[in-house]
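K.L.:
Sequence:
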Amino acid sequence: MSNWRFNPIALVRAFLRPIDPILMLLLAVLLGYAWVLMQSASPERLENQSAHFAIALGAMWVMAWLTPARLLRFALPLYAVGVVLLIGVDLFGEVSKGARRWLDIGITRIQPSEIMKISMPLMLAWYFHQREGQTRFVDFLVAGALLVMPVGLILIQPDLGTSLLVAASGLYVIYFAGLSWKLIIPLIVVLVIGLGSVVAFGDTLCQPEVDWQVLREYQKQRVCTLLDPTRDPLGKGFHIIQSTIAIGSGGVSGKGWLEGTQTHLAFLPERHTDFIFAVLAEEFGLAGAVVLLATYLLLILRGFTIAAFAPTHASRLLAGAITMIFFTYAFVNMGMVSGILPVVGVPLPFISYGGTALVTLCLGIGILMSIQRSRLVARSA
-3 MSNWRFNPIA LVRAFLRPID PILMLLLAVL LGYAWVLMQS ASPERLENQS AHFAIALGAM
57 WVMAWLTPAR LLRFALPLYA VGVVLLIGVD LFGEVSKGAR RWLDIGITRI QPSEIMKISM
117 PLMLAWYFHQ REGQTRFVDF LVAGALLVMP VGLILIQPDL GTSLLVAASG LYVIYFAGLS
177 WKLIIPLIVV LVIGLGSVVA FGDTLCQPEV DWQVLREYQK QRVCTLLDPT RDPLGKGFHI
237 IQSTIAIGSG GVSGKGWLEG TQTHLAFLPE RHTDFIFAVL AEEFGLAGAV VLLATYLLLI
297 LRGFTIAAFA PTHASRLLAG AITMIFFTYA FVNMGMVSGI LPVVGVPLPF ISYGGTALVT
357 LCLGIGILMS IQRSRLVARS A
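The numbering of the sequence shown is the numbering used here, which starts it at -3 and goes up by one.
These are calculated hints, taken from the structure and not from any lab test.
Model, not experiment: these values are computed from the prediction.
Treat the hints with caution; some may be incorrect.
Restraint ranges, calculated between C-beta atoms of paired labels, are given here [unchecked claim]:
| id | residue 1 | residue 2 | range |
| --- | --- | --- | --- |
| 1 | Val134 | Gly244 | 46 to 56 Å |
| 2 | Phe88 | Pro4 | 27 to 37 Å |
| 3 | Lys232 | Val138 | 35 to 45 Å |
| 4 | Arg127 | Pro4 | 18 to 28 Å |
| 5 | Pro265 | Gly84 | 46 to 56 Å |
| 6 | Pro4 | Leu183 | 34 to 44 Å |
| 7 | Gln215 | Val144 | 12 to 22 Å |
| 8 | Lys232 | Glu128 | 46 to 56 Å |
| 9 | Phe263 | Val138 | 23 to 33 Å |
| 10 | Gly190 | Leu372 | 43 to 53 Å |
| 11 | Ser376 | Val58 | 20 to 30 Å |
| 12 | Ser245 | Thr200 | 30 to 40 Å |
Think of the CB as a built atom: it goes at the ideal place given N, C-alpha and C, for glycine as much as any other residue.
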């Protein structure tokens, strides 16, 4: 006879073993925000988004169980598959809303650029881990080439928002790997001069006959709309104008849940995806926005804490890059919704409607949990 007995407490403990309680608590707050805001912005999509929550949390749990060493074994093949799929998109992808971003693989459609948000930092972390203690300048050049290839393929689609996120995820790893400030400062100077020139000469540069060469026409229009949304208030400037009206009308305490006029009178476009932060600001005001910002800040601090005490060089690079990805998502989204950055189609992390971005971000949370669990196991051993 077997002595095995069903022990529900032991089963729950085993299930929760890879879960970091602090990260889980912060994620629960963000998903709670998402549920409340979706109920107001687009209640008919709430059931689908609840299914997305379940899938994303399951993916996070699986990722948390994998050790960082095992994750790194998938770095090269995952990166290679991602690049091949991106090439497939450019050759055979489906066109939707003027962009070729989706690939039909028979059983479903996938957006390969989303794979690169995780595989890119994973690949570069693995690459620099192989050269730990002997990193040379040529290694940074190789890392740059590994980054430019998928970013260029995504830009061709075109998908500026995703290309910026993938580029940022790789640049964070390169920076944390020890890129010299002597190389970073000149790039910052060039960027500041370029942005200053656009602001100073915007009226001239935004004339229809001026070709910006490096940007497509729709990208030029997004920058010009940022400089002056009233140039086309019922067209290209409509999003930003209505969003800033919603944010400003919320005041300190907001109009109340389900009481937002810009939201419920359908003045606010894309209110369930890219512009959901405007729904929050209108209905919950500055107070609700500050709570959300504080939650993001705590999430970033927790991520950096995990990175600082990570047991290996690759784990530190990966945890630091993923944490900065969360910051980039939040900063770019809230910046574009409030009118200080161009509209580039970046969702508010963990809040906006959509399954792909949510799963990608929860995979990032799972990687942080994996790294934290490996540190605790190493310490106890």
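K.L.:
Indicate whether the distance between the beta carbons of Pro265 and Gly84 respects the range 46 to 56 Å.
P.N.:
With Cβ atoms ~32 Å apart, the hint is violated.
K.L.:
Evaluate the given range 35 to 45 Å for the C-beta pair formed by Lys232 and Val138.
P.N.:
40 Å, holds
K.L.:
Can you tell me whether the CB distance of Ser376 to Val58 sits inside 20 to 30 Å?
P.N.:
23 Å, holds
K.L.:
Kindly confirm whether 43 to 53 Å is satisfied by the beta carbon distance between Gly190 and Leu372.
P.N.:
46 Å, holds
K.L.:
Regarding Arg127 and Pro4, is the given constraint of 18 to 28 Å on their beta-carbon distance met?
P.N.:
48 Å, violated
K.L.:
Can you let me know if the beta-carbon spacing of Phe263 and Val138 is within 23 to 33 Å?
P.N.:
50 Å, violated
K.L.:
Using the beta carbons of Ser245 and Thr200, state whether their distance is inside 30 to 40 Å or not.
P.N.:
34 Å, holds
K.L.:
Confirm or reject the claim that Phe88 and Pro4 have a C-beta distance inside 27 to 37 Å.
P.N.:
Between Phe88 and Pro4, where Cβ atoms are some 50 Å apart, the hint is violated.
K.L.:
Does 46 to 56 Å hold as the CB distance between Val134 and Gly244, or does it fail?
P.N.:
Distance hint for Val134, Gly244 holds at roughly 51 Å.
K.L.:
Confirm or reject the claim that Gln215 and Val144 have a C-beta distance inside 12 to 22 Å.
P.N.:
At roughly 18 Å between Cβ atoms, Val144 and Gln215 fall inside 12 to 22 Å, so the hint holds.
K.L.:
Using the beta carbons of Lys232 and Glu128, state whether their distance is inside 46 to 56 Å or not.
P.N.:
Distance hint for Lys232, Glu128 holds at roughly 48 Å.
K.L.:
Looking only at beta-carbon atoms, does the pair Pro4, Leu183 fall within the given range of 34 to 44 Å?
P.N.:
56 Å, violated
Violation of the numbered hints given earlier is confined to hints 2, 4, 5, 6, 9; the remaining hints are satisfied by the structure.
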